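Novice: From first to last, the protein sequence lines stand for chains A and B. Numbered according to the working numbering, the first sequence spans residues 1 to 229. Numbered according to the working numbering, the second sequence spans residues 1001 to 1127.
These aren't lab readings, by the way, just hints derived from the structure by calculation. These numbers come from a predicted model, not from an experiment. Watch out, some of these pointers could steer you wrong.
Cβ-Cβ distance ranges computed for the label pairs, FRET-style [what the hints assert, rightly or not]:
#1 Ser-1108/B x Ala-61/A: 18 to 28 Å
#2 Ile-92/A x Arg-1127/B: 55 to 65 Å
#3 Val-1095/B x Asn-52/A: 13 to 23 Å
#4 Leu-35/A x Lys-1052/B: 45 to 55 Å
#5 Lys-186/A x Asp-1067/B: 19 to 29 Å
#6 Arg-1127/B x Gln-109/A: 51 to 61 Å
#7 Asp-1099/B x Ala-181/A: 31 to 41 Å
#8 Arg-1127/B x Asn-217/A: 39 to 49 Å
#9 Asp-1067/B x Ala-38/A: 46 to 56 Å
Below, in silico cross-link-like pairs of lysine-lysine (DSSO-like), each with a Cα-Cα straight-line distance of 27 Å or less [what the hints assert, rightly or not]:
#10 Lys-216/A x Lys-1041/B
#11 Lys-228/A x Lys-186/A
#12 Lys-228/A x Lys-157/A
#13 Lys-1041/B x Lys-66/A
#14 Lys-157/A x Lys-1048/B
#15 Lys-216/A x Lys-20/A
#16 Lys-216/A x Lys-228/A
Note that beta-carbon positions come from the ideal geometry of N, C-alpha and C, so glycine has one too.
This is what each chain is made of:
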Amino acid sequence: MPTAIITGSSAGIGKATTLKLLNAGWRVHGFTRQLDGATHANYIPHQVDVTNESAVQNAVAAILSKEQSIDLLINNAGAASMNALLLTPGSIAENLMRVNYLGAFYCIQAVGKQMVRQRQGRIINITTVAVPLALEGEAAYVASKAALDALTRVAAKELSPHGIVVAGLGFGPIPTQLTRAVNAAKLAELNQLIGRTNGTTVDEAADFIFEAIQQKNLEAGSIRYLGKI
Amino acid sequence: MLAVARYKCVIPVIEQLFLPHTSTISLNMITRQQSLALVLKRLHHLGKELEKPELQNAQETTRLFGDGSHLDSMGLVTLIADLEEDIYRECGARVTLADEKAMSRLTSPFRRVNLLADYIHEVVNAR
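Chain A with its partners taken away, still in its complex shape:
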């Protein structure tokens, strides 16, 4: 049975992707800040703050004490904040960088070593169209996701020789907790811009991720978007 770790598995894209993998016969270890009580024979939730390096390492070690391999890591956990650059508190910018970039960094390090030992694996980093569009009003968020994109590209180069494919998948606004505070007109404008006038649902995003996971020729270092970019 293939085994995956998904961060931010208790809600939004992470939850929808977890369900798709479970239905396809995967075992999924979910990293969540708060255990949500979700039950499935092949879903194992772990209470992990991905910004805590030790917590990530301990959780991966616990998983490896029971699993032979980890075939897939999806760095989905994320945070967002929409503020004008000059009005963004430094603490918010710092938190976004911790969650969106460092959280993925720690998970890649912890899981990547196991994948090196296996000489195979896949790592998917969830990103956003806000980076290539350089969306105004989202400077701190865009910068943190741009850091993640850079990490994706470098990790792909470093880990490809070990048989590990690292890629990014990006989305426009999706109705989740991250976008609940964003002005509806702004969301509509952005969706129009990327050719998705009806927006993107969590299920559509999960389908996009699931298709990428199944692709044998998923290009290492590629960052693909659901929408016209």
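Add chain B to chain A, keeping to what the hints say.
Specialist: Coordinates of chain B only, in the frame set by chain A:
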């Protein structure tokens, strides 16, 4: 002898290959000889995989990284990742070899086999 007597964690295969007749090793500790044996055994396997006889026949003075070494960065990553798992399997200790302490040393523990063996011995026993 007292120190050896406290040891519980057995490394049978490695003992046969490299170690004098010792019995058991502490669950949380490792001898310098055993850490060296771990490194040499792993290099032997890696040398086979990479088809590099210099690694298969590595000795304490064999350079691992830097000028005159036989490992590139990919090989070093593989060696460290595999060794961390070896340490866990043999001694039950989850350690990170490429930590801040290792990176801040004037002489990198990843430069030569003997330095890496010293470092593993130190890290495992310091937990």
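Novice: Indicate, hint by hint, whether the structure satisfies it.
Specialist: Hint check:
no.	hint	verdict
1	Ser-1108/B x Ala-61/A: 18 to 28 Å	holds, 25 Å
2	Ile-92/A x Arg-1127/B: 55 to 65 Å	violated, 37 Å
3	Val-1095/B x Asn-52/A: 13 to 23 Å	holds, 18 Å
4	Leu-35/A x Lys-1052/B: 45 to 55 Å	holds, 47 Å
5	Lys-186/A x Asp-1067/B: 19 to 29 Å	violated, 56 Å
6	Arg-1127/B x Gln-109/A: 51 to 61 Å	violated, 19 Å
7	Asp-1099/B x Ala-181/A: 31 to 41 Å	holds, 39 Å
8	Arg-1127/B x Asn-217/A: 39 to 49 Å	holds, 43 Å
9	Asp-1067/B x Ala-38/A: 46 to 56 Å	holds, 53 Å
10	Lys-216/A x Lys-1041/B	violated, 34 Å
11	Lys-228/A x Lys-186/A	holds, 17 Å
12	Lys-228/A x Lys-157/A	holds, 26 Å
13	Lys-1041/B x Lys-66/A	holds, 25 Å
14	Lys-157/A x Lys-1048/B	holds, 24 Å
15	Lys-216/A x Lys-20/A	holds, 18 Å
16	Lys-216/A x Lys-228/A	holds, 23 Å
The structure does not agree with the numbered hints 2, 5, 6 and 10 stated previously, though it agrees with the rest.
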